[in-house]
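Sequential numbering from 2 applies to the sequence shown in the numbering used here.
Be aware that a few hints might be false.
Label-pair distances were calculated between CB atoms; the ranges are [what the hints assert, rightly or not]:
#1 N87 with N176: 13 to 21 Å
#2 D203 with K94: 51 to 59 Å
#3 N46 with P237: 53 to 61 Å
#4 Q89 with E200: 28 to 36 Å
Cross-link-like lysine to any residue pairs, in silico, SDA-like; alpha carbons within 25 Å at most [to be verified]:
#5 K91 with N46
#6 K38 with E61
#7 K262 with S126
Read the hints as simulated data drawn from the structure, not as lab findings.
Just so you know, even glycine gets a beta-carbon here, dropped at the ideal spot from N, CA and C.
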Amino acid sequence: MPQKGTAQALTSNVVQSYSDLADLSDSAAMVEQVEIKSVIPLLPNQQAGVAKGRLRAYVEARPINALRGETLYYPLVRYLVDLPVNEQGKLPKLTKTQAVIFAREAGGTPGDLQLVAPDAQLAWSAPLEANLRFILGELTAPEAPPRVTGISMAFYQPGDLAGEGETQMFLTTANNKPAAIVVQHRAGEPLRWTASFAEVVDPSVTPPAVNTLGWYRLACFLPTSLPSAVNLGETPEAKAQAAQDYLAVRAALGPCGRQRK
Numbered sequence: 002m003p004q005k006g007t008a009q010a011l012t013s014n015v016v017q018s019y020s021d022l023a024d025l026s027d028s029a030a031m032v033e034q035v036e037i038k039s040v041i042p043l044l045p046n047q048q049a050g051v052a053k054g055r056l057r058a059y060v061e062a063r064p065i066n067a068l069r070g071e072t073l074y075y076p077l078v079r080y081l082v083d084l085p086v087n088e089q090g091k092l093p094k095l096t097k098t099q100a101v102i103f104a105r106e107a108g109g110t111p112g113d114l115q116l117v118a119p120d121a122q123l124a125w126s127a128p129l130e131a132n133l134r135f136i137l138g139e140l141t142a143p144e145a146p147p148r149v150t151g152i153s154m155a156f157y158q159p160g161d162l163a164g165e166g167e168t169q170m171f172l173t174t175a176n177n178k179p180a181a182i183v184v185q186h187r188a189g190e191p192l193r194w195t196a197s198f199a200e201v202v203d204p205s206v207t208p209p210a211v212n213t214l215g216w217y218r219l220a221c222f223l224p225t226s227l228p229s230a231v232n233l234g235e236t237p238e239a240k241a242q243a244a245q246d247y248l249a250v251r252a253a254l255g256p257c258g259r260q261r262k
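Could you put together the complete structure from these sequences and hints?
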């Protein structure tokens, strides 16, 4: 059952996916727990671009707790948000409920905020806050995996014995920090792969677990197949093996799991 003072699940933006929460958190300069004081729907001519089943509203809220960024000392903050409507096509009653917003300063009047996405206000709950604190801790860790933007090169190198070899894939990142995937083949053993976000690639490291930042960086941002332009194998067989190994890694990572539209 929803806790008293929080928004109902069916009448407020609700996100449960690790990847959705990571998307919002990674884009936000501030993640703030607030108490909603007023919700005013915008006029019909101000609803352009709003998704079906939602209304854009002007919200005033009281800051309670900063999960990321500096504590806001304004008595009220103000922002626009797209909210799902009820069966009658109206906004739910959210006054006095608590929410989490993902935002940045909008400039101008102190307390004016801009959400990082139209739906970046979520109904607060203790489990949501716990999940966010875990994700925010990962994002701000000194050795946090960087944002992956693509693949710079990949190649398969056969080993000295039949059935042995290794595919190395070097990734591009937003901050130019190193990132790589290594796939190893050993005779009589199952395929083994690992990901590295450091200068030195350690093949003994296990792959990142699902619903961790390293997994998210790969599962949600790598292409579905290995681009032929970066496949630098010396022979057609080597190129085919590298492409096959890449697909094996993508399958092991599984789907990104985003639920927001």
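Going through the hints against the structure:
1. At about 43 Å, the beta-carbon gap between N87 and N176 misses the expected band of 13 to 21 Å.
2. For D203 and K94, the Cβ-Cβ distance of about 54 Å falls inside the hinted range of 51 to 59 Å, so the restraint holds.
3. A beta carbon spacing of about 60 Å between N46 and P237 agrees with the range 53 to 61 Å that was offered as a hint.
4. Checked against the hint of 28 to 36 Å, the C-beta distance between Q89 and E200 comes to roughly 58 Å, which is inconsistent with it.
5. Our distance criterion of 25 Å between C-alpha atoms is met by K91 and N46, whose separation comes to about 16 Å.
6. A threshold of 25 Å between alpha carbons decides the hint, and for K38 with E61 the separation of about 6 Å falls inside it, so the pair holds.
7. A C-alpha spacing of about 22 Å is found between K262 and S126, which places the hinted pair at or below 25 Å, so the restraint holds.
In summary, the structure is inconsistent with hints 1 and 4 from the numbered list given earlier, while agreeing with the others.
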